[in-house]
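Taken in order, these protein sequences are the chains called A and B. Under this note's numbering, the first residue of the first sequence is numbered 1, with each subsequent residue one higher. Under this note's numbering, the first residue of the second sequence is numbered 219, with each subsequent residue one higher.
Note that these hints are calculated values from the structure, not bench results. Be aware that one or more of the hints could be misleading.
Selected chain B positions facing chain A (Cβ under 7 Å, derived; list incomplete) [claimed, not checked]:
no.	residue
1	V277
2	L279
3	A301
4	Y304
5	W314
6	L327
7	S328
8	S331
9	G362
Using N, Cα and C, we set each Cβ at its ideal position, and we do this for glycine too.
Spelled out from the first residue to the last, the chains are:
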Amino acid sequence: MSLAILFMDELNGFYRSKVMLFLWAGLPVLAVFLYLMSPDTGSVPFSSFTAILVGSIGGVISAAMLAVGIINERERHVYDLFVIRPVKRRNIMLAKFLAVYVCIMIAGSIALLLGFGIDYLNSDLPLDEVVSLSLPGFIIIVAMMAISCSAGVLIGVFSPSVLVGVILVMYGANQLSAIVILPVLTASTDDYFPLLPGVAVTAALLFLAVLIFEKKQL
Amino acid sequence: MQNPELAGHGYIASLDRVTKSYGNLRAITDITLGVRKGEIFGYIGPNGAGKTTTIKILVGLIKDYDGAMAIGSNGTASSRGRALGYLPQYAAFQEWRTVSQALTTFGKLSGMSTLSIKQRMSEVLELLGIPETKNRKIAQLSGGTIQKVGMAQAILHEPEFLVLDEPMAGLDPASRYQFKNVFRQLSREGTTILFSSHILSDVQDIASRIGIISRGRLMHAGTLDELKERLKIPKNIDVMLSKDSGRLKELERIKGVQSIERVEQGRYVVHLTSEADIDIAVDTLIRNLVDGGSKIRFINPVSLDLEDLYMRFVNQGEST
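In isolation and in its complexed conformation, chain B is listed as follows (with noise of 0.2 Å):
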């Protein structure tokens, strides 16, 4: 019987309760997770959390686990090889290869015509900046490189599902930049994408829904909007005046504003209630502000990154 967490999403890959152990080490406990067809998942978490285990069972490289798994727009295990490309965290290649021989190889195997990988080989290389490796050994490359030569292998077959374990862990800023950009153009084709990262700016930049994973247990699976409605994260308002009339104060009657603090001469913090919407109080404050006497240098509503995010999340689960 399907988990009613995953029931009516269309997910192009779910794992059910998935759990892992290596001998009496648990790596994940009890994983419900879904990925939804077209989205940029990002899968983040500590090290040692079980980022890798679990992308390694989603993409069949662990095969003895408990609970379920279900990949592919029909959900069969047979339709994984297509459906599927997969980058680990450093690609390995045998090294007497040149690139063009590993992505041949591996067209092959995906099932791709000799005619076809050739196309798309020269289409894949370009993308990624690399068409100058293509007569190249891979053992002659540089480590960034071959990690782009890994991206290539798992795009040369236009998979539907990507899944890509710490894609940007050894790249440069440049590359990290490409690798971005490549995500977006492949997720605006219609590829979907789940990525483990410790870069928790490149998941904020790039990812429509985030998974926070620490200690083998899912803390969290959604968007970061639903992450920061989940952890009640107080709403503030930072706003500096150019000109004080002194009379911010008397603004704590604004309906939706809880408390108004003052940090320093000209700045404050304006602490909203958690059902205050902030951009109808931003715009009273500005009215209310003006029409005071007051001139406004600027007024920032506080949001919390994904760092902050995580790095509660993570504190949680560890003191759990």
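Pulled out of the complex, with its shape left as it was, chain A reads as follows (with noise of 0.2 Å):
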């Protein structure tokens, strides 16, 4: 119950910052932009290149924003005032990873949207073909949004400061979303492999987080 009222009040907080808003609309013009600068993209789909630029940037926005919030909450003690209540410490972080990972990807959608727009206006293909053609960029968005948010909550929770999140999740996180296009550099015919170090290292790294912040002294 708790984990439902704090997903609700993290996502009403972050669909209307400032950032977001930013993400909801910079990253489809970025995408428009990158194929402006270089449309021709080889065999690689654009909506595959679209997905991995996106999911790279985007996926750094968002942990970033999730490591320095959570880093200036616990450091203001924002989080005494939920865990005396009848709360689970775990479900603050869950919550907040599942607001940012919600509204980064529908950003993310949108993005790919376009490059999707794209791949079909440039292309003889039928639709369906080109659905399937993009679907790989979907799933590569999906695994490193994933990885990027749970890798922002970790740095967020042990981070001692601002600034050593910053790097860490500069450092960090970004080359670790990274870990999904792994398969598809590598040949692998499975669209949806992505998903596998996707999900594993999501898991592995929510798990970690939620561990550290239920023994941290707050």
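With the hints as a guide, bring both chains together as one complex.
See the structure below:
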């Protein structure tokens, strides 16, 4: 019950935040900008190209947003008023992860939809084939964003300062989320394969974050 | 087995031989403390004495400590969420929230229905004198008003036990006066309150019992009178005469009077024995002075205030 309340509450906060508004408009604009800059992506569908770049940039921003938000709230003892109530500590972090993940996925999906539209307009392929070509891009975004967001939560939970948190996001979360594109680069034929490292890494990072937060002296 | 010090008083919250260390630093040592149902308990001590640590243990923010803690009318940890209201020294909220959003979330998390939150929110904001802030963002409010919003979230769900860590520290005098009235009202309605403070006059004004902590040890828990009794405060009466018959020294023979000291022309301090009843002594003195031809400008039992008593305890703590 508390997870649902906290999730709706965090969603309410994130979807109206300036950063999120920027992402919702910014990521699709970035997709168009990338196309204009580099209209020829060779054999890679433009939607996949967009997905990797958007997943990477959106992932870094969402991870930074989560990490910085959590570190600030920890330092200001914002969570004290939550944990004295019948609220499971893990739900506070899970709600944050889910809220940002949902918001960033919406932004990423809008950008991907644009990439898909560009692919469709630029090819003679039927719609269902373009959809199937765009599927790997969507899977990549799903997996990359999940890893980035969970890394953001973990970094937020244990980082001693905002500065350390941001550095870890830039050099840790971003690199880690790239793990999902390895199967693509190694020419795996299974479109859903990136989900496997995505889910595994996300679950591990969230588990660790929750474990630390449960034990942490607030 | 229950500590005999805590037996039979109907405590709503109790700490039994609680010790907490941060690494090698001992924050509190062997604290045994009971808060009685319906009372206002003032918890005072110098900076770093262990007040906040005690409070954090009481509200469940610190879980790793030695000893035992019980809270709520049935003394179980599971009842704590509904039974407890807490205001930290500096109430902090997520900055994107409006007052209404914050109170709604905390109300829901405390198990309140949407309808009762709506009703209580208006009542509570009205009580604290900030109804106009309801739809304002918390980030736009002043420190004092944020503290009031903090108080609002603490009492929104009508907890039976309210724990407040330096609740009036950042408030102006008018707001402090208002908070004290709120405490009195809540106490009349049956809420038990424990609050820490550096402002000793505030504690003296509203606390029915006080606890003094120094260097992590509870030096005293009881009423102000019990505290005076324990410290064996000398009982003195300040006498100012407008017409001095010069016979005051003769009154040393009155039962309970130990000695009479002349401090200036027409002014005396009457020292009583420790067994003397101060009210009877004042009455006897007045009658004897008037019968002896003196005229009294004032006669006043000298009582140490909480500040004097507190300093004695703190000094005592430092010397041990």
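Each hint tested on the structure:
no., hint, in the structure
1, V277, "holds (5 Å)"
2, L279, "holds (6 Å)"
3, A301, "violated (11 Å)"
4, Y304, "holds (5 Å)"
5, W314, "holds (5 Å)"
6, L327, "holds (4 Å)"
7, S328, "holds (5 Å)"
8, S331, "violated (13 Å)"
9, G362, "violated (17 Å)"
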